[in-house]
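K.L.:
What follows is each chain in one-letter form.
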Amino acid sequence: MTLCEECGIRPASVYVTRIVNGQKVERHLCTQCALEKGDIGPLLQNPGWILQEFLQALSPAAAPRPESRCPSCGLSWTDFTRTGFLGCPHCYEHFLPLLLPAIQRVQGADRHVPGKGEAPEKSPGELEKELQRAIREERYEDAARLRDAMRQHREKGGEIRREPS
Amino acid sequence: MNLHEGGALTSWLAGEGPLGDGVISSRTRLARNLEGFFFPTRMDGKQAEKVASMVVEAASSWRDERGHPLRVLTLQDLTPLERQVLVEKHLASPLHIQQPYGVLLLSEDETLSVMINEEDQLRIQKMAPGLNLEEAYREALRFHDHLKERLPFAYHSRLGYLTAHPANVGTGLRASVLCHLPGHVYTQTLEALLVQLSQRGITARGLYGEGSQASGNLYQISNSRTLGLAGEDIVAAMDQAIRQVVQREWSLREALLQEGQLEDRIWRAYGILTHARSISSGEAMELLSLVRLGVDLHVLPPLPPRLLNQLIVRIRPAFLQAQAGEAQDPLQRDRSRARLIRQMLTQGGAA
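Chains L and G are the protein sequences, given in the same order. The working numbering puts the first sequence at residues 240 to 404. The working numbering puts the second sequence at residues 12 to 362.
It is worth saying that the hints were derived from the structure and are not from the lab. There may be inaccurate statements among the hints.
[As the list claims (entries may be wrong)] No farther apart than 20 Å at their CA atoms in a straight line, the calculated lysine to any residue pairs in the SDA-like style are these:
{"id": "1", "chain 1": "G", "residue 1": "159", "chain 2": "L", "residue 2": "353"}
{"id": "2", "chain 1": "L", "residue 1": "355", "chain 2": "G", "residue 2": "250"}
{"id": "3", "chain 1": "L", "residue 1": "395", "chain 2": "G", "residue 2": "160"}
{"id": "4", "chain 1": "L", "residue 1": "355", "chain 2": "G", "residue 2": "241"}
{"id": "5", "chain 1": "L", "residue 1": "355", "chain 2": "G", "residue 2": "149"}
{"id": "6", "chain 1": "G", "residue 1": "159", "chain 2": "L", "residue 2": "388"}
{"id": "7", "chain 1": "L", "residue 1": "395", "chain 2": "G", "residue 2": "159"}
{"id": "8", "chain 1": "G", "residue 1": "159", "chain 2": "L", "residue 2": "312"}
{"id": "9", "chain 1": "L", "residue 1": "355", "chain 2": "G", "residue 2": "239"}
{"id": "10", "chain 1": "L", "residue 1": "395", "chain 2": "G", "residue 2": "211"}
{"id": "11", "chain 1": "L", "residue 1": "395", "chain 2": "G", "residue 2": "158"}
{"id": "12", "chain 1": "L", "residue 1": "355", "chain 2": "G", "residue 2": "159"}
{"id": "13", "chain 1": "L", "residue 1": "361", "chain 2": "G", "residue 2": "353"}
{"id": "14", "chain 1": "G", "residue 1": "57", "chain 2": "L", "residue 2": "311"}
{"id": "15", "chain 1": "L", "residue 1": "355", "chain 2": "G", "residue 2": "112"}
{"id": "16", "chain 1": "G", "residue 1": "57", "chain 2": "L", "residue 2": "389"}
{"id": "17", "chain 1": "L", "residue 1": "355", "chain 2": "G", "residue 2": "185"}
{"id": "18", "chain 1": "L", "residue 1": "355", "chain 2": "G", "residue 2": "168"}
{"id": "19", "chain 1": "L", "residue 1": "355", "chain 2": "G", "residue 2": "111"}
{"id": "20", "chain 1": "L", "residue 1": "355", "chain 2": "G", "residue 2": "243"}
{"id": "21", "chain 1": "G", "residue 1": "159", "chain 2": "L", "residue 2": "387"}
{"id": "22", "chain 1": "L", "residue 1": "395", "chain 2": "G", "residue 2": "71"}
{"id": "23", "chain 1": "G", "residue 1": "61", "chain 2": "G", "residue 2": "119"}
{"id": "24", "chain 1": "G", "residue 1": "61", "chain 2": "L", "residue 2": "355"}
{"id": "25", "chain 1": "L", "residue 1": "361", "chain 2": "G", "residue 2": "239"}
{"id": "26", "chain 1": "L", "residue 1": "395", "chain 2": "G", "residue 2": "60"}
{"id": "27", "chain 1": "G", "residue 1": "159", "chain 2": "L", "residue 2": "389"}
{"id": "28", "chain 1": "G", "residue 1": "159", "chain 2": "L", "residue 2": "311"}
{"id": "29", "chain 1": "G", "residue 1": "57", "chain 2": "L", "residue 2": "361"}
{"id": "30", "chain 1": "L", "residue 1": "355", "chain 2": "G", "residue 2": "244"}
{"id": "31", "chain 1": "G", "residue 1": "61", "chain 2": "L", "residue 2": "311"}
{"id": "32", "chain 1": "L", "residue 1": "355", "chain 2": "G", "residue 2": "203"}
{"id": "33", "chain 1": "L", "residue 1": "395", "chain 2": "G", "residue 2": "239"}
Next up, chain G with everything else stripped away, as it sits in the complex (with noise of 0.2 Å):
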């Protein structure tokens, strides 16, 4: 199963949405249970499967724009580094792939996935390029009301649609943006930044894990609230906090840029890694942060945005793998990952 090409790579990560040089991703998801079955947490195999079949099901006579049905993957069928593309490909969680009863429906683009029997019964989820929340949320609302046509979805006069967590109550939703905040980062304005958010229901954190570095200034920031807001209010409140967010992060960055120092950092960060034979994920995210930045900036000559929307996927371990086509450890991984950097990056025009 060619898992590894097509789909997000050219569609959500093509990187041609709106505010693309500081979004580079948008991503809404509806968490949903079904009434009349136990959340997954407390469900045995028999429910599970009976909620996987129903989902199933319901979502069978659906078709996106071009006519195409959902494809049904059930994970344990798959080889796990085929799983763990999934996860790099941010369209099944960890968590999910865990699942002994976990299924997955996914649109011929990849924009639309659907994870069942993760913490929630359901999760769709809806990808867009850039920044376009409205968009995203606009298309899993509809996918979800041809579903709700057909399943009973726990819902309480009160507490709306019912989740595992009540953290998720409400709405079930979490509208999402993949920020690129190096001028946040590099100014130390990044903390500040946080706890304004935080005040207003939106949290951030980094896309691996906390370490800014490591994860090559790419932040996914959310909303933290589910429930007292109608979802619409939620996508829009969450967009305008990101354009402010996007607008501070370019005064930092022109700051930056007439500082002086920028500069040559961008130009070394594109040496090395249009030259190197061997590189870490965590020294390709940060420098790759550097060449993205040196694009928005002008400083390096253009580079089409879907390659560099791409690399952050691409340079993965287990993708790499699945390129490769064969298991590899982690030397001949970072051989593989320089390669591949080193050909996007002079195929893609700048030298």
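Next comes chain L alone, as it looks inside the complex (with noise of 0.2 Å):
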């Protein structure tokens, strides 16, 4: 198992694929580190890096394969990079890894900045997924705080969808 040349901790599960002077230069790091501390981000924006490429090295542990499907709207990665249009809410997290370089390339960031008085918020997916984190943990007075958000959007309308574990 080869591992992640930036933290040398975790397994390597992305290649990333350069151009410098006509030599190919790959680089294998985990996703974290790919995604997370942003490392690929700015390299994207490199005309010399190959967005496909990424696309294409991403493992099929790492993220969600192309032929994947929504567990919400059903709609594939296919689908979507053929209309650019995703089908749901839900399809931003299940492709959460595929799309933020996509995302990185357009918009030049992968982190919303709230606006003055704009509250964060959770998804429903994302407070479900922090709901069985803290019953796990045994971390019961957040439980019952997540609960409560989550009652809260379903009162006003919004359902809440899980994904199949």
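Got two chains here, separate frames each, mind docking them using the hints?
P.N.:
Structure, rendered in structure tokens:
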């Protein structure tokens, strides 16, 4: 198993190819280092880095396969690349590892900056994941708070869809 | 339904906003979707109807400054001509009026409009005369917050507000201004301006497509990025960029005037517009641009700014037919257009 060249701890699941002076240079990274630390983002803005190669290089373990479908609306990554439209809010969570580099390339950023007076929120999918974690870690006060937040969402009419585990 | 009267013509097209000699109007638009529903391209009729009824219900308690509620227009209940008038007034998009479940919410003065079930489930738009993105943004947000208390907007902790197309994700904010840029067009510096703007994350396009002449030197300029900056910072950056564009536009106009060819062109344009018996939309837009320039540069006697702004909309094909109260073929429209322009320019004061 190859280890990530960045952190040297996690297994490498992504390789990024770059052409420098006609020479092909490859780096093996873990997804966390590649995405979370924003290592890939700025590189992708550099024309030398090829997004398509990056997308293809994502290992099946690290990201949904292009033919994988959003569990909520059934859209596949291939559908998305054909039309440019996602199918539902849940698509963002499901395709996040694939979407972030593409978003970084188009938007020059991959993180929302809330405006004045805008309280950052969490999507029902994120709340659900946090709730499960809180229960697992026996943080019951946190779990109760998260359940309240989810109930509030439901009361406003939003349905909460669970990702099949 | 008299969609061609009042409203936009007397509010945001009234032409009395800041930097009105370079900027016709400002618009901010917020894209939003509801959690638990598919985006419009993927939803069925039942979902679309449910979304529309939830939004209409949430908006029903909202009142404008004068206490008026929003009008609810179900697009399929309107005639094709009425729908086209909404597009010509920039209240609905060409895509929106084709949607089988499209609904438009409209404030009394037509400065606030909400397209329901367009590319996103909600597109909240607020217009203001002249360069006034800050007010337009503040007011759009005020209405947005009213809905947010009542509706579960789709939001992600990392990516912000979720939109059907990732190019709008984050703030979902598009801040745009309609600019009159004859100085840039006639000195052939428009291309360079567009390149400069694009380097700052700003895009521009002709009002009715790319052809500059056909759109009367009017350009819609807007932010291209919606993520990574707070909404108010996007608005501030746009405001600053547009002020620089208008300043440059003015120095180009003055240089053109000093070269000496402009004055004759302006008077010729005025002569044609006040005497022609038939005129196409493209020619009218081009000549009206020169007349606007002539008024701004004090070559022509003053005309009320609202008159020239209203004409941008009133000479459009659907608008002409709505005003005439009958369907007209292109030749009839060219005659109606010439008559309307003659009347408006001569009543306006310059002679």
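K.L.:
Please name the hints from earlier in the document that this structure breaks, with their numbers sorted from lowest to highest.
P.N.:
8, 10, 13, 15, 16, 19, 23, 24, 28, 29, 32 and 33
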